[in-house]
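Novice: Given next are the chains, with one letter for each unit.
There are 2 protein chains.
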Amino acid sequence: MSEKGTYRLLKTEGRAKRGELTTVHGTVQTPLFMNVGTVGAIKGAVSADDLSQIGCQIELSNTYHLHVRTGDQTIRELGGLRRFMGWDGPILTDSGGFQVFSLASLRKIKEEGVTFRSHIDGHPIFMGPEQSMQIQSNLGSTIAMAFDECPPSKAEKKYIDLSVDRTTRWLERCRAEMDRLNAAEGTVNPNQMLFGINQGGIYEDIRVRHARQIREMDLDGFAVGGLAVGESHEEMYHILDCVVPELPQDKPTYLMGVGTPANILEGVERGIDFFDCVYPSRNGRHGHVYTKHGKLNLNNACYAKDMRPIEEGCQCPACRRYSRAYIRHLHKAGEMLGLRLCVLHNLYFYNHMMEEIREALDEGRFAAYKKDLLQSMEEGEP
Amino acid sequence: MSEKGTYRLLKTEGRAKRGELTTVHGTVQTPLFMNVGTVGAIKGAVSADDLSQIGCQIELSNTYHLHVRTGDQTIRELGGLRRFMGWDGPILTDSGGFQVFSLASLRKIKEEGVTFRSHIDGHPIFMGPEQSMQIQSNLGSTIAMAFDECPPSKAEKKYIDLSVDRTTRWLERCRAEMDRLNAAEGTVNPNQMLFGINQGGIYEDIRVRHARQIREMDLDGFAVGGLAVGESHEEMYHILDCVVPELPQDKPTYLMGVGTPANILEGVERGIDFFDCVYPSRNGRHGHVYTKHGKLNLNNACYAKDMRPIEEGCQCPACRRYSRAYIRHLHKAGEMLGLRLCVLHNLYFYNHMMEEIREALDEGRFAAYKKDLLQSMEEGEP
Numbered sequence: 001m002s003e004k005g006t007y008r009l010l011k012t013e014g015r016a017k018r019g020e021l022t023t024v025h026g027t028v029q030t031p032l033f034m035n036v037g038t039v040g041a042i043k044g045a046v047s048a049d050d051l052s053q054i055g056c057q058i059e060l061s062n063t064y065h066l067h068v069r070t071g072d073q074t075i076r077e078l079g080g081l082r083r084f085m086g087w088d089g090p091i092l093t094d095s096g097g098f099q100v101f102s103l104a105s106l107r108k109i110k111e112e113g114v115t116f117r118s119h120i121d122g123h124p125i126f127m128g129p130e131q132s133m134q135i136q137s138n139l140g141s142t143i144a145m146a147f148d149e150c151p152p153s154k155a156e157k158k159y160i161d162l163s164v165d166r167t168t169r170w171l172e173r174c175r176a177e178m179d180r181l182n183a184a185e186g187t188v189n190p191n192q193m194l195f196g197i198n199q200g201g202i203y204e205d206i207r208v209r210h211a212r213q214i215r216e217m218d219l220d221g222f223a224v225g226g227l228a229v230g231e232s233h234e235e236m237y238h239i240l241d242c243v244v245p246e247l248p249q250d251k252p253t254y255l256m257g258v259g260t261p262a263n264i265l266e267g268v269e270r271g272i273d274f275f276d277c278v279y280p281s282r283n284g285r286h287g288h289v290y291t292k293h294g295k296l297n298l299n300n301a302c303y304a305k306d307m308r309p310i311e312e313g314c315q316c317p318a319c320r321r322y323s324r325a326y327i328r329h330l331h332k333a334g335e336m337l338g339l340r341l342c343v344l345h346n347l348y349f350y351n352h353m354m355e356e357i358r359e360a361l362d363e364g365r366f367a368a369y370k371k372d373l374l375q376s377m378e379e380g381e382p
Numbered sequence: 001m002s003e004k005g006t007y008r009l010l011k012t013e014g015r016a017k018r019g020e021l022t023t024v025h026g027t028v029q030t031p032l033f034m035n036v037g038t039v040g041a042i043k044g045a046v047s048a049d050d051l052s053q054i055g056c057q058i059e060l061s062n063t064y065h066l067h068v069r070t071g072d073q074t075i076r077e078l079g080g081l082r083r084f085m086g087w088d089g090p091i092l093t094d095s096g097g098f099q100v101f102s103l104a105s106l107r108k109i110k111e112e113g114v115t116f117r118s119h120i121d122g123h124p125i126f127m128g129p130e131q132s133m134q135i136q137s138n139l140g141s142t143i144a145m146a147f148d149e150c151p152p153s154k155a156e157k158k159y160i161d162l163s164v165d166r167t168t169r170w171l172e173r174c175r176a177e178m179d180r181l182n183a184a185e186g187t188v189n190p191n192q193m194l195f196g197i198n199q200g201g202i203y204e205d206i207r208v209r210h211a212r213q214i215r216e217m218d219l220d221g222f223a224v225g226g227l228a229v230g231e232s233h234e235e236m237y238h239i240l241d242c243v244v245p246e247l248p249q250d251k252p253t254y255l256m257g258v259g260t261p262a263n264i265l266e267g268v269e270r271g272i273d274f275f276d277c278v279y280p281s282r283n284g285r286h287g288h289v290y291t292k293h294g295k296l297n298l299n300n301a302c303y304a305k306d307m308r309p310i311e312e313g314c315q316c317p318a319c320r321r322y323s324r325a326y327i328r329h330l331h332k333a334g335e336m337l338g339l340r341l342c343v344l345h346n347l348y349f350y351n352h353m354m355e356e357i358r359e360a361l362d363e364g365r366f367a368a369y370k371k372d373l374l375q376s377m378e379e380g381e382p
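So the sequence lines, in the order shown, correspond to chains A and B. Each step along the first sequence adds one to the number in the working numbering, with nothing skipped, and position 381 is 381. Each step along the second sequence adds one to the number in the working numbering, with nothing skipped, and position 98 is 98.
If a hint is listed, it holds; no wrong ones were tucked in.
Chain A regions said to be covered by chain B (calculated; three or more residues, Cβ under 8 Å): (1) 42-51; (2) 317-327; (3) 336-344.
So the derived label-pair ranges between C-beta atoms look like this: (4) B:Gly-380 <-> A:Gly-71: 25 to 31 Å; (5) A:Glu-235 <-> B:Arg-83: 47 to 53 Å; (6) B:Met-307 <-> A:Pro-382: 48 to 54 Å; (7) B:Asp-49 <-> A:Gln-73: 35 to 41 Å.
Calculated from the structure, these hints are not laboratory results. Yeah, the Cβ is synthetic: ideal placement off N, Cα and C, and Gly gets one too.
With the rest of the complex left out, here is chain A (with noise of 0.2 Å):
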């Protein structure tokens, strides 16, 4: 793993994991969370530019979407992804799985992959893992996740059993696939890393057999995915206590799609690295914004002529210039600046959130710093 990259288990507190991991584009603190750029651009108005400003260390965009829009043979024309949004620091792409089993209609499913028709024109796609790492290669991203199924949530004990199998040897695939790439002449990232990701809904006893199959792999980091997908909280936790213990301390550890701060909190006492979600983004276009005193609701009425910021003392380019009824004002009036002023604040108090997480167990004061934060979101603005 050294040309691509090196994980370093910096510190542990319980389970919780304090680490660093050096990629070919530069290196990050984890815990950290990852801010979602689906197509190459944070929906909200924010670039890369604004990116830097509010301590993002990796973006995410996904691979579905920008093969079916501008292309990824495009883009890897134009020198990759990182160069073709102007952004300096590491991207992580998703795999396209997720939304092709989410988005895109009339799947059919075969050991080979999937065949699906676009969102947007209804031209039918054949997409399998040899697929996968061709586009995430294309786009030159420094990780690259495994094509893997994400099965309803609802499916059936067998089905998973079944389908999680597939998503071992479709594992394979990628990264003989990837191995080949890396090793290809012209490539826009030859040191491109891949995760592996865990799948199994909320049945322990399948989970825990892939992640031991996975484990084995060799891969550069491993995710728990299918989750936050209709299960209850506590369902999701059990499934990482079960799963992160299984997985390679020595690797970075991906929850994908989770979650709320509280989710977050959990998921660091269990192990996990790095995080993703588009709440604080989704969010913010809503007028809905994060503070540790839990979130507000910015189209409220009690918040006309309330001249402080979002959070007192928050250093986003939000709180350091406006006040919550001039953001409302705007939410109001249908000015876009109202929905990119909250982005930039959630994604802001995320990333923040997860430097004060570090610095939480770099002083080996995790526990206490977690059990403030849930007990001061859960009692509101005094």
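Dock chain B against chain A, hints included.
Specialist: Just chain B now, with coordinates in the frame of chain A:
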């Protein structure tokens, strides 16, 4: 005028003026372009913070829009519009007249003022000279505009003749009311300036008669209104040729709602200090961007793989980091960031052009600058 501010004529070239206006909210260099933030935010997710970065000297907000949404009373309570929107520099507010005559429905014009229905919820509003001054005083802008009638461009000469006389009577009332408000206790900006507005459609004789009436009134500046509403460019330039020499040279002159880069160059040549226009932001939102080699439509396929910035050497936040190909991709994907980057570029282009115009005037080479820029824009990209 000493308490409110001072206009200094620094240099002339033909009829073109290079001036400096000192206000209680800062000193600005003319000729200048005001950046339009209708409700206290520039459409395209551009903030006061951004305006500082792209060379904006005066922000312009719309009285009518702020009156019907959030309300000037609320903004007064919160310390005025500058504090509300986080903008440190000068603000000019329009009178609301133009919106009343273009947006609102069921208008009734009387000597007293205008009764109309809000374009948002249809509730009846009355606005006359006093109301317009009261609203602008509540907003606490640096410069208030007189409340005038904006007759349709196709109105008969006889109607315009009568209308202009009423506009003169309204201007007297505006001045009296503004004097009263500036002297009142608790006024947000007790040094608010008032600019009068010349009207008269495309009728040279009415325009000149009106200019001679209002120039006697010791106002802080004079605007030419009711142009760029359907007449030809030649008609507009002809009116400026007739009217501007009738206005005091030692006060700022403002050509309202104008225009293209060519219109601005012609306006400067005819002695205009202030311009404003929605073109740069509106065009930016549609992916149309200004360069010294003419306007580009980034939606065109020819930019799909064009990794050059919108304009080589441009120091705007878009050109410093992003390519035509990326911005085109954002527009195609419906990402707000595409709008924002184009609006930032266009406003920077206008503000920067004004800076170059001022330098040219300082060095006595405005005529040559104008000729070169018009030719280069005409010729298009090499």
